Amino acid sequence: MAVIDYGMGNLHSVASALAHVGAERVVVTHDVEQIRAADRVVFPGVGAIRDCMAEIRRLRCDELLQVALTEQHKPVLAICVGMQALMSHSEENGGVDCLNVIPGTVRHFGHPLHDADGQRLKVPHMGWSEVRKVSEHPLWNGIPDATRFYFVHSYYVTAGDRSLLAGSVDYGVCADAALARDNLFATQFHPEKSHTAGLQLLRNFINWTPAC
Amino acid sequence: MGLAKRIIPCLDVDNGRVVKGVNFVGIRDAGDPVEIARRYNEQGADEITFLDITASHEGRETTVHTVEQIAEQVFIPLTVGGGIRSVDDIRTMLNAGADKVSINTAAIHNPELVRQASQRFGAQCIVVAIDAKRVADVDGQPRWEIFTHGGRKPTGIDAVAWAVKMAELGAGEILLTSMDRDGTKNGFELGVTRAITDAVDIPVIASGGVGNLQHLVDGILLGGADAVLAASIFHFAEYTVPEAKAYMAERGIEVRR
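Chains as they are written, first to last, in our numbering: chain B, 1 to 212; chain Z, 1 to 257.
Possibly wrong hints are sitting among the right ones.
As the list claims (entries may be wrong) - Pairs of lysine-lysine residues, derived as DSS-like cross-links and limited to a Cα-Cα distance of at most 27 Å, are as follows: (1) B:K122 to Z:K165; (2) Z:K133 to Z:K165; (3) Z:K185 to Z:K133; (4) B:K122 to Z:K133; (5) Z:K153 to Z:K185; (6) Z:K153 to Z:K165.
What the hints contain is simulated information worked out from the structure, not anything from laboratory work. Treat the numbers as computed from the prediction; the structure is a model and nothing was measured.
Work out the full structure, taking the sequences as your base and the hints as a guide.
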């Protein structure tokens, strides 16, 4: 299993969480051969989108990801900024074009932000929010609806094709918390930081055999 | 249901051991940080904060190793603070497995560090720690100043204005400790907590003075904090994290359970 490393932030927690739930031979790498040889790929990400996209393109991680998704049909899990990078465009850093793997937008939560009761909400959205399961998916196995996961983000995803929505989160706006298409699953929250529920999702990922 | 208020046990670590003192004097040994972090993870803590109070260089190496061990076993967010002075220090801690890094004195000497760090690593992992102490009122209004050196050295900087400036520079969160209350078990200093939570749009963690579970509730309902940090009430098993969450939930606070 390969965790794609494009030099942005701490990827050890993703790797150690995967190892903790039983993944064998987890490599954190941007090496073409290692990623091609992996049977599963995790595409994480933290930090600002402009720097992330620049590194993704410089290290040709975008091409590797395409190969894994559409030629090799491997299970791919994208996390947080990894999910945002899959969209068409992000508002962050004055506007950045992303990979357009899933057509959709990444927008700022806005200011000021309030919940339905008029309570002020802080940005970044940092902490544990309930995720509404919108569709059944093997990665939700053993995870009840409205389970709390750990989020930390100031920008949120809206996929163009609403049939891809696997989970949503309410934080002043209704944001996409999880998207699923064929052999790809993407989460805005951090499963590797989401305690037992997050570990369950990662366990589901390493046991997942997509239909396609 | 909205965002849960967070409970964050804090480990003050000196030379590889968890300690907790009253106003940083009269330190008590509370045990092995890895073991304690694992216990809080199992109890359902929402995050863990690790504050390194080791002075020596050798001790700092121990800290990196301890952070690595905790990160391998604890699958909730981990913040590391204490002695962070440069972008390199931040990178070292993030590479060791920290999710966030807390900057305190270095932000006072070099506020640009906050901007640089936030641009490099993202606001989500930059916490600015503020040690505030009540000073003489100005025009009948309460005022709090930033103090360094464990609350002994005044800086003349207004704590509320500083929090606003840190948020503008790119801090993702404020860790606010009342130096009047830290270690006293008399509860948070609610005045400064409220003033800062109202002044900034980023989350604020209240710290310093927790002696019982009502103090946690007050920090959130009266102080407006997004998260509450406590050390000794958990270390010495006066209360467990689930007891704290049950108490808060009974008083209408959303918690993760």
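Hints and how they fare:
1. Simply put, K122 of chain B and K165 of chain Z have alpha-carbon atoms about 16 Å apart, close enough for the 27 Å limit, and the pair holds.
2. For the hint linking K133 of chain Z to K165 of chain Z, the alpha-carbon distance of about 18 Å falls within 27 Å, and the restraint holds.
3. Only pairs whose Cα atoms come within 27 Å are accepted, and K185 of chain Z paired with K133 of chain Z is accepted, the gap being roughly 16 Å.
4. The hinted pair formed by K122 of chain B and K133 of chain Z meets the criterion: a straight-line CA distance of about 25 Å does not exceed 27 Å.
5. For a cut-off of 27 Å, the pair hint linking K153 of chain Z to K185 of chain Z stands: about 22 Å separates their Cα positions.
6. Taken as a hint, the K153 of chain Z and K165 of chain Z pair is honoured in the structure, with Cα atoms around 21 Å apart against an allowance of 27 Å.
No hint from the list above goes unmet by this structure.
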